[in-house]
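Chains as they are written, first to last, in numbering that gives the first Met the number 0: chain A, 0 to 357; chain B, 0 to 432.
Keep in mind that the hints are not guaranteed to be accurate.
[To be verified] The calculated lysine-lysine pairs, modelled on DSS-like cross-linking and capped at a C-alpha distance of 30 Å, are: (1) A:K1 x B:K160; (2) A:K2 x B:K392; (3) B:K1 x A:K79; (4) A:K1 x B:K126.
[What the hints assert, rightly or not] Ranges of calculated distance between the beta carbons of each label pair, as one might list FRET restraints: (5) B:P358 x A:I261: 20 to 30 Å; (6) A:E173 x B:T349: 37 to 47 Å; (7) B:K254 x A:D155: 39 to 49 Å; (8) A:M21 x B:C406: 46 to 56 Å; (9) A:E27 x B:N125: 50 to 60 Å.
[Claimed, not checked] Calculated Cβ distances over 12 Å to all of chain B for the following chain A residues: (10) I6; (11) I55; (12) Q60; (13) T144; (14) E282; (15) V283.
The set of hints was computed from the structure by calculation and includes no laboratory data.
C-beta atoms are modelled at their ideal positions from N, C-alpha and C, and glycine is treated no differently.
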Amino acid sequence: MKKLDFIFVILFMIVLIIFGIMFITSKEKEYSKEEDRLLANRPNMHFFSRETVAGIEQFYQDQFLYRNTFLELETYLNTKLGIYEKNNVYIGNNDYLFEKTKKIEYSDEFVKYLNQFYKEHNSLNMSLILIPSHITINPNLKENTPIYDEYEDIKDIYRKITFNTIDVVNTLKEGNKEYEMYYHTDSHLTSYGAYNVYLEYASSSLLESYFITDFDILKVTNDFSGNLIRKVHNFNSKKDTIVKFVPRIEPVLEIEYEGNIIDSFYFENALNDEYMYYYFLGEVPLLTITNKEAEGEILILKDESANAIIPFLTNHYYKVHVIDTNLYQSSFSEYLENHKEIREVLFIYGLNDIDNLI
Amino acid sequence: MKLCSILFLCFFFPIFYIIYYLIPKRYQNYWILLGSLFFIIFGRNSFIWYFLLISIITYFGMFLISNLPKKISKKKISYWVIGILIFIWFLFIREVKTSYGISYPICYGIILLQNIVSLREFTKQNKKLPIILDYFTYSSFFPKLLLGPIVSYFDMEEDLKGRTISKTVITEGFFNFLRGVFEQVLLVGSLSVLREALLISPISILSSWLLLLTTMLIIILFFISYSHMTIGLSLMLGFTFSKEFDYPFSFYQLKDLFNYFQISIKKIYINMVSKLRLPYVVKSILLLFLISLTYGINVNILLWILGIGIGIALEKIFIKKSYFFGHLWFFLSFVFLVRPSMEGIRQTFTGLFDIFHLPFITIETGYYFRSYFIILLVSIFISLGVIKWIVNKIEKKSLFHLFRDICYFILLFVCFIYLVSNSYIFGCFGFEV
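Just chain A, same shape as in the assembly:
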């Protein structure tokens, strides 16, 4: 038996050495498309430096052979142990992934900023839409998973806001009975979800909304891996389908981006990228969409949660100015000063992203 043990020791050592050799001879990767992040590169060697050691350790972790397989195996093992949470994402039933919700830390600052903005531009019609997280609409989770009640936060913020607010939680809950309002693997609204938010906005702003039958619903891709997959490392899970709503009577639009006229607010190039959500509106700080058949101008200040909603609004305004506040570097007030025709401002933010905005 001792002989057997020793053979195993040699075997273990060989395995460790093979790992080491394979590692040294393998090609260094700069970017992981599955995790959508830059991987640690070989650090500059400075002896006696703790940073160098931390850098080396990170390098070995990031560049480890078959890293993605290891990451997937970890998720698999955890679920077998009964742990359905990883990197603040819950693994729910039927392949659903849910971003974990928590109390908004900077809600007061957010409210204060918006109220101040309204005070400075009180001649404009302003509205706020907060998009809830998937978990609030469709808690398709393992039994007894704790959920933070985000709806209370939304109601609290709405109570404190001094201009018009639009509650979309119930609309989305209702809509979810018929269509999927959110993607399985992504934290954003599907086009169906975006349509329901649009309906609520139209009703609140007294716009004559389009019926679902007024659109052709076209499949864009069946191969969408959402942002939550990158967090739970479940790379082989079921892919989502992206669809887009195209009006049967399509208006002629003029879309301006960085001073150039572009073909569409659907960015076909994004379908070749690892993260296809940016098919809707891309990752641009400012976009203006002109529809000569409509009237009025609106400024939409938003984060990426609103990307799928914007196309619906272009049918109702002569000009829609879309600013992604995470990317736009200049002052919004200044923008309003330079565009006196704007009479309406709409804020659309994902509730879970508020803390990142402040």
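Add chain B to chain A, keeping to what the hints say.
Positioned in the frame of chain A, the structure of chain B alone reads:
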């Protein structure tokens, strides 16, 4: 360098040990010295300078003492050297910042104590001056560098001069080391994730007790796993050390706790304190203070040690012999380590006992308890020594070794999964190595 890292497991460990077995015996000590220096260099900032200063001054002190004229008191010189060593230790720990209050890594105390112990033994027992390279091999010996055990040079001298390394010893060492890696990565790492989750979830009575249990298990398993790794790595080099940490719940009375926990440090301090002409209580407090000094001067650790001290006093005066009291008190003493600072301790107490204001259970508590149930169960069994007891029972059965080897192979693979994904938390809050 972390013992549970890809860098150590895939590179340092196999390369160091294979070359060690291949080179002629007369070069093996040099190789250990070289490997240990490499290990230290890839560790903490400035630790190499601390290590070199302490070791050089101690060796110089020994050299001075061995060459002194008879008129000059050797004892006095040794006290002067010890004073300088403590001063250097003090200078360095002031610079080290850790994540948990004003604590400092344990390895600083380990280096200091092992050199003091060697110097004392050298002076008292009129030992021969060690060969400089042997002394530095001893002082830098990487398996015991992070958490001990603290042994004097003269305890290791025989092994340093010559040792036999058999296949049995290598095998035993290797499996000990792996056991430590498994405990550290799979249990301490996962329990630390649970602890972090419980700390930020709403407080309930049950969640506070679960947090206390998790904290205790992390600390116990952290030290036990290091002990296994140290013994394993040393054994593979042909050096035999006794355990520094054993299953702490093996004690019958609380006063015997330190026979299972930080064993060598306790012995050293008892030797120092027992000779002082002071009342028993003062000596006990001094002993406990010295032990806490090694872990890091920190209000939490001081109170923890003090709490255990009070437990020992209560046991001695009122309880006499009770298996249950000691174990319960030891478990409760971890209340001081759940959260940092005095405010944290107050919060923990409130969480455990404020039955009138806090809910008994929250949905989060149930969720985390269910999620980590298997890990908690295995950790409890290991910390109580149940797994060890089962293994001892079935060790002689046929196919046991084959079964164990296959299990170890699978567990090593699982460890790599967690190491690569970096989703476990390394180390033990409050105690830095």
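Checked hints:
1. A:K1 x B:K160: holds (27 Å)
2. A:K2 x B:K392: holds (21 Å)
3. B:K1 x A:K79: Holds, at about 28 Å.
4. A:K1 x B:K126: Given that 30 Å is the threshold and the Cα spacing comes to 40 Å, the pair is violated.
5. B:P358 x A:I261: 20 to 30 Å: violated (56 Å)
6. A:E173 x B:T349: 37 to 47 Å: holds (43 Å)
7. B:K254 x A:D155: 39 to 49 Å: The hint (39 to 49 Å, Cβ to Cβ) is violated, given that K254 of chain B and D155 of chain A are roughly 56 Å apart.
8. A:M21 x B:C406: 46 to 56 Å: violated (25 Å)
9. A:E27 x B:N125: 50 to 60 Å: The hint (50 to 60 Å, Cβ to Cβ) holds, given that E27 of chain A and N125 of chain B are roughly 58 Å apart.
10. I6: violated (8 Å)
11. I55: Given a closest Cβ separation of 6 Å, the condition is violated.
12. Q60: violated (5 Å)
13. T144: violated (6 Å)
14. E282: Given that every Cβ of chain B is farther than 12 Å from that of E282 of chain A, nearest at about 28 Å, it holds.
15. V283: holds (34 Å)
This entry does not satisfy hints 4, 5, 7, 8, 10, 11, 12 and 13, going by the numbered hints stated previously.
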